[in-house]
Each structure stands twice: as structure tokens, then as C-alpha cells.
Amino acid sequence: MAIKTNLQAVRDTLMEIMERYDNVVVMGEDVGPRGGVFQATRGLYDRFGPDRVIDTPLAELSIVAVAIGMALNGYHPIAEIQFADFIFPAFNQIVNEAARYRYRSNGAWPVPLIIRAPYGGGVSGGLYHSQSVEAFFTHVPGLYVLAPSTPKDIVGLLRAAVQVPDPVLFFEHKRLYGLVKGEVPDDYYEIRLGEADIKRRGDDITVVAYGLALHEAIKAADKLSEQEGIEAEIIDLRSLVPLDLDTIYESLRKTGKILIVHEDNQTGGWGAEIAARIAEEMFDWLDAPVMRLGGPDVPAVPYAPPLERWFLPLADKIAGKMRELAEY
Amino acid sequence: MAIKTNLQAVRDTLMEIMERYDNVVVMGEDVGPRGGVFQATRGLYDRFGPDRVIDTPLAELSIVAVAIGMALNGYHPIAEIQFADFIFPAFNQIVNEAARYRYRSNGAWPVPLIIRAPYGGGVSGGLYHSQSVEAFFTHVPGLYVLAPSTPKDIVGLLRAAVQVPDPVLFFEHKRLYGLVKGEVPDDYYEIRLGEADIKRRGDDITVVAYGLALHEAIKAADKLSEQEGIEAEIIDLRSLVPLDLDTIYESLRKTGKILIVHEDNQTGGWGAEIAARIAEEMFDWLDAPVMRLGGPDVPAVPYAPPLERWFLPLADKIAGKMRELAEY
Amino acid sequence: MTKRQKRPSDELSDEQLLEMYYYMVLSRKLDERMWILNRQGKASFHISGIGHEAIQVAQGFAMRKGHDWYFPHYRDIATCLILGVTPRHMMLALMGKEGDIFSRGRQMPEHFSYKPAKIVSVSSPVATAIPQAAGTALASKLQGKDEVTIVGFGEGATSEGDFHEGLNWAGIHKLPIVFVCQNNQYAISVHVSKQMAVENVADRAVAYGIRGVVVDGNDVLASYDVMKEAIDRARRGEGPTLVEAKTYRPVPHSTADDDRSYRSREEVEAWKKRDPILLFEKVLMERGLLDEAKKQEVLDRVMAEVDDAVDYALNQPYPPIESAAEGVFGDSPLVKWSKKGTING
Amino acid sequence: MTKRQKRPSDELSDEQLLEMYYYMVLSRKLDERMWILNRQGKASFHISGIGHEAIQVAQGFAMRKGHDWYFPHYRDIATCLILGVTPRHMMLALMGKEGDIFSRGRQMPEHFSYKPAKIVSVSSPVATAIPQAAGTALASKLQGKDEVTIVGFGEGATSEGDFHEGLNWAGIHKLPIVFVCQNNQYAISVHVSKQMAVENVADRAVAYGIRGVVVDGNDVLASYDVMKEAIDRARRGEGPTLVEAKTYRPVPHSTADDDRSYRSREEVEAWKKRDPILLFEKVLMERGLLDEAKKQEVLDRVMAEVDDAVDYALNQPYPPIESAAEGVFGDSPLVKWSKKGTING
Ligand SMILES: Cc1ncc(C[n+]2csc(CCOP(=O)(O)OP(=O)(O)O)c2C)c(N)n1
Ligand SMILES: Cc1ncc(C[n+]2csc(CCOP(=O)(O)OP(=O)(O)O)c2C)c(N)n1
Ligand SMILES: [Mg+2]
Ligand SMILES: [Mg+2]
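Chains as they are written, first to last, in this note's numbering: chain A, 1 to 328; chain B, 329 to 656; chain C, 657 to 1001; chain D, 1002 to 1346.
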């Protein structure tokens, strides 16, 4: 069992996938000799050369569009958007094109591709290097949206993602790249899209999270357990679309209380959909209101350290909300 | 009291606004001599000439970007996106730029502008001339999002929108352009952003809607009242951001039951946020689960007439859900 | 006197020339019928290729059918017919009927798609296909295949960022691709002079280090020459070409348009004298390949096909309602849905 | 012998020349200190103008301060200083401290904004300002104001659709605007040859019917000549210019970059010999305006300012936490919020 960081998990799995599948190319800004600004593609260029590790022009629209074209013509491209904040120039190509190609052609022209993008705050990135953008895509039928937060999940989900015949958005929390270390099984495994993972067991309340919020929620839960005897069950979504309602509902049947935490702006975030589903389908099981803790509704994470901390879903803030829920 | 269609309401109010405010320009594809593909700008070019009614290149990104620049330099532009489906090329300019300008400059550089876009199905527009796109924008702090559905509301909200010092998305349901006729008071009035309107009184259930869904919900309510004695209170949001929770909550305190209807894909739609807010803040008032009826989760409205009807939130479908709620 | 250089079109056989003529007429008559069906309330929408048939037929004949990649302009009825789409297919799509091979009634008419002919699915947002076409071309090149990608669009679409980015990629990677702009001088109502400050779309090629060529898009043989050369060059690895076919749309933008507000009847009438079918008939007559009897023969054949297609399509059902919910994602054992029917299960 | 044509820079007084020099040195020394502060852990990020000071100072002197509209490139420290931003402002922004006039600690450093000087707020996504600048220029033109808009960017940004669309508008409306591309040959690690298939960014101007000019961006007087002429032409209604200033970035892309993976040390060293400050010092010395004593004097003055700015900024507090939630929308009596504090009330 190897111990890896999230970043190593991404890098090693990309390497493995490119070895395994001839038709996978990696493309994006600075993914070549530079190995990506976060070094997620380091070593790929030396190993596979410029035909399979393509430094693109500085143009996200066409990074995605060219990936779509390559997907139509036999490839399974893995495109990198350098920061999730810069995915919007490609929005039309992702939403109107990639997501709709299969449906609009009645299945004739699927576009299997992966778009990787580092997202999230906590790296002093300010308004434009910290954004969480997943909710723009979870609303779009035709897109898979993944947000794994541990090395093991990154490996298993990336291996699966490259085998599904449709576009996948693969969001990697950049603050966790070097921060999170974890075990990666030596034996080959895959993780199916749409399977959440219970990262901590507990009977009092259920907490649903992903990304930095997941790790902070675990910290908060451990503290609350120690100090106040509140036992939280922490569900790591890993996959946002498909959403594993089965696992969420099962936990909720046990606890009767649920909190959804994410870093993305709370209003209209993915947590809203999860809360709405629960409110409709689990009404009789609820012992307390469905609670959410999302990012404040300001335009992304500010730069100055205290302001950035104010924005982020850190353990103390989550613990406060968990306590409120437990005491309800 | 004049009787106008929704389309006339848009057109007459644009004319009035341009008379009233020298610094308003109208810009977009075919808005000039052609008067817009829906004729919403008919007559403006003849009246105000090419300096204030600007036929743009076929390029949504720069329609919005140029509008931003003009807003920085003294204008209050009203940009038209010909169909809401084509707003995505401008997504980066709207979300990363227009919405964030004020905040990122600590108030120094606000960008007052309006983006008008016809949206919605029911006109045989198929996948790319029928989309509802509001939920992509209601998630973005810094944007006002309006969706009035009657002539009176269109007039009052457009008059207000052009006076707020920030970007406003103004969505007009294209199926309603000619379909809906209604009274417009002769005396000048404005409608504040963030005020919903109760379009029908009732004590049994609350229905929240906007757009085509609103008018279909009213039809459904009238029928249910006549045939089954169920009295629905119908709240027309008109303004999506700000969201008038006060009015929604007040009605809910009376009925204890609520249904949210919209045409946009249900998953991750604006209804999710509304449901989530209710589920959290009105938990003790709920006599039934918060219900939603949104568009099916396929990539937009199909073209063939029966498939299109299948997608739309028509009265029968809404009545079914209302009955389910009333009987809960 | 310098000897006239041999042109690609000189190699076309008499049969081929007459086939080109046949496709121009077939496309035109289908198209005219579609307008009528719309006016009769039997089709909600139609966007027309009338007046654009010369460049469309030219490119259809210059491509290697089923081998080259083709992203059509939405007006390219004639090209699609050449590549294997039938009049029945066109009419089924027009009415959104079961059997519509483009989208099974999901998309508006003229949103072509036909995998066996490598006709890639057309979407409505203009220009999006241009950088995608750079993608298929890049894939062909990297795989060492001698496929060429052809992508069509109007001059209005060249204002979108997509155009710039697609041509930029093509230039950087010297891709086997031909960009075909049908410059009909209007984007709905907006004249090309409000779309760009240069005379020719083809003048933009230089910004990307690629070839640009202007051709009379109403002259089918001239268009063929240019298209054939561009495609051959691309296939030989000599890089991309931006072809600008100057043409005109003598009808409104679509059945939803009224063009009287933005251009004079005189302008339209003047262009009708340069109708590509008229021009080609003159050539064929001069070459002794066509006379009135032969014209009538072609017309009869075409009208029979058009009538058949209309009858057939009118009698087909719409796709079943259940079909609308299907096929958002492909099946995969690696995906687990909590519940069926919505994207989130 | 032909008489040398009079150039705009010939009109610069000795004081102005020395002022230019002063700003180049001030910018450089501030910048170097910013790197140091970053390495000391006192600033999380810095993106540098080192090596680009000639074109930056040139454009600053060619503009009408506070009258012309200016959308800076994020490297334009020198230009901003000329327009009225102080070293203290720069340092406050570097550290995200209270008093940061650009964004009150919300944005990363070098995201300039200063309304009194008409320096429009910089955002991180590259190229977005280019079509926005067409908007301010259009507004100036329609209002009959003689303002010119200047917008800066790198050569990498020219690959974005925004670039195309912005220049297209400028061409169509013959706008009073100058596009200034600082071509330093790299977009982070990506060499310009992978960014475009043409030799010069300025070659792209022809696609928009506008002027394109290449200049040595390390030569402050040559850059001034080109900028002054372009701005004067724009002001006289003679239309836009795309200026390409050839330059080089002798340091990594930002404090987060390591440039050793993508270019040789020899290449970097060779360019350091063409350092714009060295080149200008030579000119000034030749003209008898500068000697070692004078140089030291400038340096002392600059270092005092830099020290002051650093001390000042280090001792400022961060903005109060409450400030982060403020100012998402402006106040308006026409807006009713159900609850305070979130976008939906
Ligand atoms: C992105 C986008 N914006 C707007 C439209 C609406 N629209 C459809 S066709 C058209 C004009 C296209 O003009 P041009 O590219 O010259 O092609 P033509 O129709 O003249 O052949 C417009 C504005 C669209 N389809 N896509
Ligand atoms: C839309 C967008 N994509 C990616 C980035 C990340 N990024 C920041 S600077 C940069 C390179 C810019 O190169 P260039 O335009 O040549 O300017 P330079 O930094 O060389 O002055 C990149 C890729 C960004 N800021 N915006
Ligand atoms: Mg056209
Ligand atoms: Mg550069």
C-alpha cells in the first residue's frame, strides 16, 4: 500500500491511463515540459511526447472544442483547465456542445472526454484562483461531475472516468493537492461514478460534504466527538453527478438529521439540490430541518488571509453548525 | 388602462426608457432596422438612430463585453441576446466580469447594464431555441435576475432595472410574447426588484412559479378550484434574485403546503434553492414535503410537437402535482 | 497566348457534371417544397440553402465521401444529399418525425447528422463547430490518417471567438482542414460591413498563417476547383485553407424571417439573375450536355423524389414520447444511478 | 543624405527623459523587493514587470493622464506608477492590507484599479479586458469625447476569442483605441510558436482592417514614438492600432513559477543584456543626462520610496472581516431584500 498525496494520485493515474489506453491524450496550458502549473502532468511529456501531451494555446474555448473533435475521431482526451475559474470561456462548448452531442444526435455522436480542473480556495488565490464552479455543471444533463478528495478516490474515479463514454468534469481541490496524504491500494481497482463513501461513522447526525469541506468536516466531527460526544456520520460524495441518494438516505434514516457542507457559494449550490431532494423524499424521516453550510454569497474567495479564512468552510464553522443540528 | 401583449410591453418600455435616459443604448444582433427577431426593438432604430440602437457583430462575448465597457464609461446599455440559448459564449464576461466588477474593485467600478434574453420552449424551437438558463445566473452573487411574465410586470420591472447600478439579467419567456395580454396602468409606476406578486389567492396550497409555468399553474388552479374545490395560492416570483422569501413564507404559514414549478431542468434549478430555504427555515410550518415540478433532466426541449409538450410544465401536469400536494 | 492551366473541374466527366446539376436541382426543389410545407402549417421551421447550391455541390464532389470529416453549415442541404442523406431523411427531419436520422425529432430541421457519412451533428449556436473541426483534423493527423476535415459556416459566424480559436489551432498544427465560409453578405439582417472591417473573410487567413482563397460561390465549377485544390493540399499535408465562397441568399433568412426590413427588392432581384442553377445550366448547354428536354427529365425525376419524400414523411408518426427521455448518457457498468429517470438518480 | 524624420520622442524634455528613467528604476526596485517579500513569506504572490519597463513607461508617458482610459496588463507596474498609483499602494495590494486601493484586499496583487486615474480594475482571466476596452472606446466616440482607450495584454492572451472579438469591434467602428501587446515570447511555459503560426502579433491587425506596428519593447524611446503616434491617431479619429512590443521576461512567470523546465539559462542571460534599463542608461549617458553620480541619486531616491512603502504596508492591518461581505451590490431604493446578508435575502 503506497502513501500518496492527492497530487501524486492524479499524476500517477494519468501516467497509468496513458500507458493503458493509446487513445488518451492530455492537453492544456503548460501541461507539456512544464508539467502543469501544479505539476499534475509532470513526467508525461518526457514519457509520451508532444503528440500525446499537448501544450495548447491560451484558449479554453478551443481546448474543450478541440477535445470534442478528437473525441469524435477516436480519442479520449483529458483536457486540463489550469484553474476552474478559467473554465467559463469554454462554457458554451461544454454545456451547449459536449453535454448535448449524444442527445442531439440520438446517440450517434457521443463525446467521451475528461475535463480536469483544480478548484477551491485556501491558497491565497483571491477571486480568480479559488472558485468552486461545480454547480454550473451539475445542473446540466449530459455531464458527469466528480469531486474526489482523497488519493484513493482520485485514483479509482479517474480510472473509471476514462472508461465512461460521455463527458466528465473532474474537479480537484487545489488546497488538498499537497495537504492530503493517504493510502492507495496496490491492487488495481476502480470506483464507480455515483457511489458516495462514508468516511466516518456516527449515529447522531449525517454530514454530506466533498472537497476541502470534507476534510474540515472530519476534523470538526472528531473534535465534537471528543469534546461533546456528538457522533457525526460523514458522507463523502466524491461523485456529484450521479448523486448517491441511496447512501445519503440510508444514513439519514439512522440519524434523522442532516447537514450539507460545501465551499461553493451556498445559494444555488449543489447543496440546494441535495437539500431539496431530501426535503421532498425524506420528509417523514427528518427530525430537524435540512441544514446547509455553503460559502458566503460574495463573488468568490477574497485574497487577504483573514478574509479568505472567513470564506472557507473551516472546521470551527462546521462544528458550530453540527452542534446546532445535533441540539435541534 | 392599455391592453398590451408581453412583447408590446417590452417594446414600449424600451422606447420610453430610451426617451427618458440619454445614456441608454440598445445593442444586439438584428436589433436595428430589423427590430429584433422577435420585434422587441421595432421602431427604436428609426426613432434613435444607429448611435443608440446598435446592430452588433454575431458575437455574444463581445456584445456583453462592449456593454460592460460602455457601462464603465457613462452608459447604461441594454444588450439583447437573441435567444437565451446563445448566452453561453458570453458566460465568462457575465460571470467573471460583470458580476464581479463592483466587488473586485471595492465599489469603484460598478457596471450598470441590462441583458435581455428571450427564453423558454413552446415555439418549436428544439434544443437550442427553447432553453431556460436562469439557474446558471441565480447562483452568481452580483447579478440580479428577473423573469416577469405579464405586461404589467414587464413594464414595472424594466423601468426599475434600468435604475439599479448593477448588472440585471432580464429573461422574457418567448412563448408568452404574443400569448399573454394584460392591462398596463396608464400612470407611471415601477416594481421593485425582489417583490413577488400573488397572482391568485387560495388557502389550501401555495404554488410558486414564473414564466410559462406561472400561466399554466393559474390555469391548473382555476380548474382544480372548479372541479375539485382545491384553492391554490399562486405566487409569481417575477424577480428570482432577489428572491422574495417574505411573501413565500407568509403564504406558506397559511397553507402549510408548497409546490415550486419551473420549466428549467428540475435538477439544480432555482426551485432547488427555494425548496432548500423553505426546508431549513420553515420546517415547523410544513404539513407536507416541499414539492417541485421542473423540466425533465434532458438537455433542453425537443422539437417534435409531442416531445415538446412532454417537456413543458403544462396545466395538466401541474394540476396532477397540485392534487398530490393537496391530498398529502 | 499563354495556355490555360488545367483545372480540377476539367477532369469531371459528363456524367459527373450532370450529377452535379441533378443535385443542385434536387436540393432546390426539396428546399422550395419545405417553404411550402411551412406555409401550409406542416412544418414549423425551415432554414434554406436556396442560392447556395453551387458551393455546396462543389464541396460535396470535392470530398472523399464517408472518408473525410464534414461539419456542415446548416444551409448545406445539397452537400448532405450528395453524401448520402436522402430526400426522405430531409423531410422526416423537417417534420420531426420518427425515422429522422439526424436527431429523432429532437433538433430543428437542417441540423444534419449522419454518422455513416461522417456528417457530424450540427447544433444551432453558430461557429462552435469550427474549433471542433480542428479537433477531428488534429486526430486524423496524429493518427496518420489521410482524412480531411471540412467545416462550413456563414460570414456572420466569423465574428465569434470560436472562429479565431479554430483557425489558430489549424495554423499552429498545420492541420488537414478546409474552412468553408459561405459569405452571403447577411447574418439575418446584419450586413457584412457591420460584421467586419475587411473586404474579404479570406483576408483573415493571413492572421493564422494559413491560405485564404476567395471564389465565386455561385459558380459551381470555380467552386469545385478551389475546394478540390484545398482538400488535396490538406490531404497532402500542405496545411489548411480558408475558402470564402461569395454568394447571396435570395430568400429570407429562414421561414421565421421577413427580409424586407433590411434590404431592397432590387438588390434581391439583381442577385436572382446570378442564380447558381441558371449559371450552371448555361455552361452545360454551351457544352451540349443539357437542353430543354433533358432539363425537364431531371426536373421530373427530382419532383418524383420530392413528392415521394413528402408523402412518406407526412405519413410517419412522431417519435414515441418515451424516446425523449432516453439517451442522455450512454450505458456504462462503471456508473451507478441511485434512481432512474433523472440525472441524479 | 535624407534628413532624419522628427520623432515624437524628440519632443521630450530632459526632465521628462529623466523622469522616464526614474519610473523605470522605481518600478524595477519595487518589483525586486516584492520578490524578496514573497520569498520571506510576507506576500503570497507576485507577478512581475521586470524587463517590460520600457514599453510600460513609454505608454504611460504617451497617454493623457486621467483623461484616457487604461486597462492595464497585470505586469504594468511602471505605467500605473506614472498614472498616480504610489509605491505604498503597490505594497498594500501585495500584502492584501487595509488601504489597498485596488480591491481592499480582495484580489491578488497586481490587479490594478484606480478610478481617479481611469485605471480600470484588472481581473485574472486574460483577454477579457480587450473587448471591454472596445466598449469604453465606443462610448467615448459616441459621446464625442477625445479620450483614447489603451488596453494591455500578453501575446498568449491573443489566442483567446476575446482578442478577436475586441479587435473586430474596433475595426468596424474605427474606435479610438490602442491595443498594446507585450510579446515576451512566453505564456508561462508555452512559447509563442505554439501560440500562433505567424511571426508577429501585429500581423493580425490586417484581419480587422486596423493598423499593426511592431516595436522593440525594450527601447523606451522607440516604444514612446510608436505609442504616441498610435494614441494621437486614435485621438484624431484615425482609428485603432495594434502595437506589438517585443520584449522578454527575464524572471519566472510569477513567484509561483519555475522557468528552468521550459527555457535555457543561456537564453535568459542573453536577454538580460538587453535589459531596458541598461539600454536607456546608455542613451541617457550618451546624451549627457546621466552619470554614475546621478544614477546613484536616482537609486537612493527610489530605495527610500521602496523602503517607506514596505514599512508602511507591513504595519497596516488587514481589512476587517466584515468588509468581505460588503458591496456585492450597490444600494438602490428599487431593490427589496427579504433578508440581509445573502444574495437572496
Ligand atoms: C451563437 C449564436 N448566436 C445567434 C444565433 C442566431 N442566429 C442564427 S443564424 C444567424 C445568422 C448567421 O449568419 P451567417 O453566419 O452569415 O450565416 P447565414 O445564415 O447567413 O448563412 C444568427 C444570428 C445563433 N444561431 N447562434
Ligand atoms: C483565461 C485564463 N486562462 C488561464 C490563465 C492562467 N494564466 C495566467 S497568466 C498566463 C499566461 C499569460 O501569457 P501572456 O498572455 O503571454 O502574458 P505574460 O504573462 O507572458 O505577460 C496564464 C496561462 C488566466 N489567467 N486566464
Ligand atoms: Mg451570412
Ligand atoms: Mg507572454
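Worth flagging that the hints you see were computed from the coordinates, not collected in a lab. Among the hints, a few may not be true.
[Claimed, not checked] In the DMTMM-like style, the derived pairs of lysine to aspartate or glutamate whose C-alpha atoms are separated by at most 20 Å in a straight line are:
id, chain 1, residue 1, chain 2, residue 2
1, A, 317, D, 1323
2, B, 649, A, 250
3, D, 1337, B, 612
4, C, 830, D, 1204
5, A, 321, B, 608
6, C, 995, A, 246
7, D, 1175, C, 978
8, D, 1146, B, 379
9, D, 1142, B, 350
10, D, 1340, B, 609
11, C, 992, A, 190
12, C, 992, A, 197
13, D, 1337, B, 350
14, D, 1146, B, 350
15, C, 884, A, 195
16, C, 797, A, 246
17, D, 1283, D, 1293
18, D, 1340, B, 379
19, D, 1340, B, 608
20, B, 649, A, 280
21, D, 1340, B, 350
22, D, 1175, B, 574
23, D, 1337, B, 574
24, D, 1007, C, 859
25, B, 645, C, 978
26, A, 317, B, 608
27, C, 830, A, 51
28, A, 321, B, 609
29, C, 995, A, 22
30, B, 649, A, 281
31, D, 1337, B, 379
32, C, 992, A, 195
33, A, 321, B, 379
34, C, 801, A, 280
35, C, 995, A, 51
36, C, 995, A, 281
37, C, 995, A, 280
38, C, 801, A, 22
39, C, 797, A, 195
40, C, 830, D, 1200
The structure displayed is predicted, hence computed values, not measured ones.
Going through the hints against the structure:
1. A/317 / D/1323: holds (16 Å)
2. B/649 / A/250: violated (26 Å)
3. D/1337 / B/612: violated (26 Å)
4. C/830 / D/1204: holds (18 Å)
5. A/321 / B/608: Holds, because 13 Å separates the two Cα atoms, which is no more than 20 Å.
6. C/995 / A/246: holds (8 Å)
7. D/1175 / C/978: violated (54 Å)
8. D/1146 / B/379: holds (14 Å)
9. D/1142 / B/350: Holds - the C-alpha atoms of residue 350 of chain B and residue 1142 of chain D are around 15 Å apart, at most 20 Å.
10. D/1340 / B/609: holds (12 Å)
11. C/992 / A/190: Holds, because 13 Å separates the two Cα atoms, which is no more than 20 Å.
12. C/992 / A/197: holds (13 Å)
13. D/1337 / B/350: Violated, at roughly 26 Å.
14. D/1146 / B/350: Holds, because 16 Å separates the two Cα atoms, which is no more than 20 Å.
15. C/884 / A/195: violated (53 Å)
16. C/797 / A/246: Violated, at roughly 46 Å.
17. D/1283 / D/1293: At roughly 11 Å apart (the allowed maximum being 20 Å), residue 1293 of chain D and residue 1283 of chain D satisfy the hint.
18. D/1340 / B/379: Violated: residue 1340 of chain D and residue 379 of chain B sit about 41 Å apart, past 20 Å.
19. D/1340 / B/608: holds (15 Å)
20. B/649 / A/280: holds (13 Å)
21. D/1340 / B/350: violated (34 Å)
22. D/1175 / B/574: violated (51 Å)
23. D/1337 / B/574: holds (10 Å)
24. D/1007 / C/859: The given pair, whose Cα atoms are some 34 Å apart, is violated under the 20 Å limit.
25. B/645 / C/978: holds (16 Å)
26. A/317 / B/608: holds (18 Å)
27. C/830 / A/51: Since the Cα atoms of residue 830 of chain C and residue 51 of chain A sit roughly 14 Å apart, the hinted pair holds (cutoff 20 Å).
28. A/321 / B/609: holds (14 Å)
29. C/995 / A/22: Status violated; Cα separation ~34 Å.
30. B/649 / A/281: holds (14 Å)
31. D/1337 / B/379: Distance ~34 Å between residue 1337 of chain D and residue 379 of chain B Cα, so the pair is violated.
32. C/992 / A/195: Satisfied, since the Cα-Cα distance of roughly 7 Å is no more than 20 Å.
33. A/321 / B/379: Answer violated: residue 321 of chain A to residue 379 of chain B is near 55 Å, above 20 Å.
34. C/801 / A/280: violated (54 Å)
35. C/995 / A/51: violated (41 Å)
36. C/995 / A/281: Given that 20 Å is the threshold and the Cα spacing comes to 12 Å, the pair holds.
37. C/995 / A/280: Between residue 995 of chain C and residue 280 of chain A the Cα gap is close to 15 Å, so the pair holds against 20 Å.
38. C/801 / A/22: holds (16 Å)
39. C/797 / A/195: violated (39 Å)
40. C/830 / D/1200: Roughly 15 Å separates the two Cα atoms, so the pair holds.
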